[in-house]
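K.L.:
Position chain U with the ligands against the provided structure of chain E, taking the given hints into account.
Here is how the chains run, residue by residue.
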Amino acid sequence: MAERPIIEIKNLSKRYKGSDEPALKDITLDIYPLEIFGLLGPNGAGKTTTISILCGLFAPTGGEIMIDGFNLHNELDQIKQVIGVVPQDVALYPTLTALENLVFFGNMYGLKGKYLKDLIMDRMNVFGLERFAKKKISSFSGGMKRRVNLIAGLLHDPKILFLDEPTAGIDVQSKVVILEFLQEINQKGTTIIYTSHYMEEAENLCSRVSIMDRGTIVSTGNPKELVADHPEFKNLENLYLYLTGKGLRD
Amino acid sequence: MFKFISAVKKEYLLLLRDKAGIIILFIMPMILIIIFSLLQEVTWNAIAQEPKVEMLFVNNDGDSLGINMEKGLRSSGFFDVIDSVNHAKVTAESARAAVKKGDFLIAIVVPKGVTKSMRANVRVAVAKTLSGFGMFNPNLLNNIVPKGADTVTLYFDPTIRKAFKNAVVSSIKEFNYRSETGMIFRSFNIEMSKQFPAYKPADIEYKESLQFKEVFPNYVEREEIPTTVQHNVPAWAIFAMFFIIIPLTGSMIKEREEGSLARLMSMPVSYIHLLLAKVTVYFFVCLVQSFLMIFSGIFILPLFHIPMLVIGNHIIALTLMTIATALAALGYGLLVGTIANTHQQAAAFGAVSIIILAAIGGVWVPVYLMPNVMRHVAMISPLNWGMTGFYNIFLRQGGLITIMIPALKLVAFFLGSVLITYIYRKIKSPLNI
Ligand SMILES: Nc1ncnc2c1ncn2[C@@H]1O[C@H](COP(=O)(O)OP(=O)(O)O)[C@@H](O)[C@H]1O
Ligand SMILES: [Mg+2]
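Sequences listed follow chains E and U, in order. Heads up, the first sequence is in this note's numbering, so the first residue is 181 and it goes up one at a time. Heads up, the second sequence is in this note's numbering, so the first residue is 283 and it goes up one at a time.
Chain E with its partners taken away, still in its complex shape (with noise of 0.2 Å):
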């Protein structure tokens, strides 16, 4: 790929205070425009904490980001305007509605008025909510709310946009929406960079991966190129396996 990479990380790594391990250690990782690009690995692989450092979270303890020709250190302001992030956890006011909630962010984004309305309830539309946008978050299954934290991370259409393990832990026909949707967005020109433990569905959608374990990269490329240098394993699990051992995580 000869383009620039839209996000460049050199030398990553971070300690987070008062733990000893390093949860990052010299994460060094390039990913290009309108690239679907996934981190995947264990629990406690680092995937949080290496979306979190490149959202502006909190600081990494070492290393230098770039993200569209914004340096991460100095520039975040606006780096903010050209991301989106659905984080792992559900990240709502539960006693707002959904419609609330979504206005209240979007309004964060800079977006306001009919403009905004009109296109929460078409998001709310494609994701099967449309009954639901006046009913209190709290109020919601659990599939319900990640579908509604998923829109409140790209209601502005953002060049980039971040997911930590958007599928995790939800049904089929959720799944099934949700990843239709990136790779429409996808389409349209948004470069997704999402985080998972599925490799099959990994392997199916992105453009490269990248398999983390124990806070380093342990290997990066296009997954049915990842599986072809290893034939001795038929699918990216396998080699996930192998990479990553069978040894049980937290």
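There may be inaccurate statements among the hints.
[Said to hold, decoys possible] Below are the BS3-like pairs computed for lysine-lysine, each with C-alpha atoms no more than 30 Å apart in a straight line:
hint: 1; chain 1: U; residue 1: 691; chain 2: E; residue 2: 325
hint: 2; chain 1: U; residue 1: 301; chain 2: E; residue 2: 314
hint: 3; chain 1: E; residue 1: 315; chain 2: U; residue 2: 536
hint: 4; chain 1: U; residue 1: 710; chain 2: E; residue 2: 197
hint: 5; chain 1: U; residue 1: 708; chain 2: E; residue 2: 315
hint: 6; chain 1: U; residue 1: 455; chain 2: E; residue 2: 316
Calculated from the structure, these hints are not laboratory results. Predicted model only: the values in this text are computed from it and were never measured.
P.N.:
Frame of chain E, contents of chain U with the ligands only:
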């Protein structure tokens, strides 16, 4: 600005749907005002007219000393002087037994003939004095047997406080001195008129030339002691304002724990704006709280036969004082909400610290009823600064100038809290990671 308004709206909705928060903010303080006013309406009046101590008085003398002593004790207003129990005259023996049994705290036994012997002693003393002038009249000492000092016996219950005991003893002594002084004067008069038939005793009672005025510079003066309403309305209004720490920190930390804050931090909006929106909403909460408190002082308390709150006519001073108190409360909430890691931590620390600051600051028990040491301790509590300001308005009808110092202290407390919050934020991310 648009994002700020949207954030204010969000905070408003969150608060509106926080039932527990609403109860803590608005209902609890009203109930506290009513309960405490009702309770204190009874006890304060009791304190104001201090309860009398029952005292057994055995007057075996029956002459002027015993009678004067009894009169004096009765008119002091501190004692209920009792001379018969169950229709039986108290005797020296039964008085002693009653104190021993704990039925009475004090008994005083004035022995038989004490006036007589005092008179005799006085006459001897007078005669001796006159003899110094060469005017000794030997008849003077006819039939006089000078006696030693008589004993007035005081029985005290062992639990009685030393200071109180001393006070009783010294007032008894004082009656004694007065009687004795009176006798000496009269004795002189009588003897002088015997010596000099022309001498006309001046018909004057000797009055002490030294009078004592009791002043307690620390006390608010008598007419400024607050009524229960004047105390309870500002006290619980201040308490309620500071208690916003519970919902305020709750809202700050819940937002963090529920992940919404993390989401917001990835959006193009500054944390300061979000906090400012929160503070704005809670600031109005404080204003509404004090309005409700004053409202209940004027309209609701009278329904319970408690006197109505009189707010005086310094509305501007009252408003400023309310704003200053609200700011201090908000600053404290921001600080605790920022530093605490969990909702439980903030709620527990917040509630306990406010209750302690309220207790030492004179919210439960007004400062003027506190012992001296506590009055000094009270001054470290921001709630006490608030009380001082409101007292100045409600009790002393003070205007702007009288509230300046407490108001400035509260504002300084606010600025200090905000500064510490800001520095803490500089060091740590808003997510407390
Ligand atoms: N806030 C935190 N404080 C301390 N350690 C953390 C924190 N968040 C994550 N960790 C640790 O960092 C490592 C990576 O965690 P995470 O990035 O959440 O992994 P993943 O998302 O891949 O499951 C884990 O060992 C985890 O325990
Ligand atoms: Mg994770």
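K.L.:
With reference to the structure, classify each hint as holding or not holding.
P.N.:
Hints and how they fare:
The hinted pair formed by residue 691 of chain U and residue 325 of chain E fails the criterion: a straight-line CA distance of about 47 Å is larger than 30 Å. Straight-line distance between C-alpha atoms of residue 301 of chain U and residue 314 of chain E comes to about 19 Å, which keeps the hinted pair within the 30 Å bound. Distance restraint check for residue 315 of chain E and residue 536 of chain U: the Cα-Cα separation of roughly 20 Å lies within the 30 Å cut-off, and the hinted pair is therefore satisfied. Between residue 710 of chain U and residue 197 of chain E the CA atoms are separated by roughly 11 Å; this keeps the pair inside 30 Å, and the hint holds.
In summary, the hint linking residue 708 of chain U to residue 315 of chain E is not supported, as the alpha carbons are separated by about 38 Å, beyond the 30 Å threshold. Distance hint between residue 455 of chain U and residue 316 of chain E is unfulfilled; the C-alpha atoms sit about 80 Å from each other, more than 30 Å.
Comparing the model with each numbered hint stated earlier shows that hints 1, 5 and 6 do not hold.
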